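Based on the sequences and whatever the hints tell you, model everything.
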Amino acid sequence: MIKKISGILALSLLLFVNEALAHTALKESKPAAGEEVTEPLQVLTLIYSTKIEENSSFTVKGADGNEEQIESVHLDNDTITVAMAEPLANDTYEVAWDIIGADGHPIQDSIEFTVHVPVNEETEQGAEPAEEATDEATPEPEVTDDENAEADEESAIVPIVIGIVAIILAASLWLMFRRKK
Numbered sequence: 000m001i002k003k004i005s006g007i008l009a010l011s012l013l014l015f016v017n018e019a020l021a022h023t024a025l026k027e028s029k030p031a032a033g034e035e036v037t038e039p040l041q042v043l044t045l046i047y048s049t050k051i052e053e054n055s056s057f058t059v060k061g062a063d064g065n066e067e068q069i070e071s072v073h074l075d076n077d078t079i080t081v082a083m084a085e086p087l088a089n090d091t092y093e094v095a096w097d098i099i100g101a102d103g104h105p106i107q108d109s110i111e112f113t114v115h116v117p118v119n120e121e122t123e124q125g126a127e128p129a130e131e132a133t134d135e136a137t138p139e140p141e142v143t144d145d146e147n148a149e150a151d152e153e154s155a156i157v158p159i160v161i162g163i164v165a166i167i168l169a170a171s172l173w174l175m176f177r178r179k180k
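Counting with numbering that gives the first Met the number 0, you get residues 0 to 180 for the letters of the sequence shown.
Where hints are given, some of them may not hold.
[As the list claims (entries may be wrong)] Per label pair, the in silico range of CB-to-CB distance: (1) 171 <-> 75: 38 to 48 Å; (2) 95 <-> 161: 32 to 42 Å; (3) 68 <-> 162: 28 to 38 Å; (4) 161 <-> 113: 37 to 47 Å; (5) 58 <-> 119: 27 to 37 Å; (6) 162 <-> 117: 12 to 22 Å.
Hint data in this document are derived by calculation from the structure and do not stem from the laboratory. Note that the structure is predicted; figures quoted are calculated from it, not measured. Ideal Cβ positions, reconstructed from N, Cα and C, are used throughout, including at glycine.
The following block contains the structure:
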């Protein structure tokens, strides 16, 4: 009987090892790491693998190390939208973050990308591409809301299943020791 219970316990731990080892990581970004952007850019989008806590911080630095002015940061579960005060000039940029994911672990990381907007297009188009970039970034949280709802449901199921397994194991141990008396 002890071998059966030990086997069940070992199997249940193996089933949930991925959940225990999972940490928040960047899933996707716009612009992507290493990407060369050829249109004016004023909105950055970062999508993480789990929900992000409110007390997260972000910086955007040019190749010279100077921080660019961030107008606003909008947090929606796992998606963060960073609006810059002005479209980014042609340069290489580093977006660095210091976040706390849903698992409670602090994460510090960064990505780099390059903005290379041809000068003649930049003067002709003015602020229109920045508005387009804002419009394109707006639907993303709506799409990720559905994904977040599914992820939240999945993350709520895991503790329930673990609790049920723990109750079954506890009941099995209790019955086993009760029979020996």
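Hints not upheld, ascending by number: Of the numbered hints given earlier, those the structure breaks are 3 and 6, listed in rising order.
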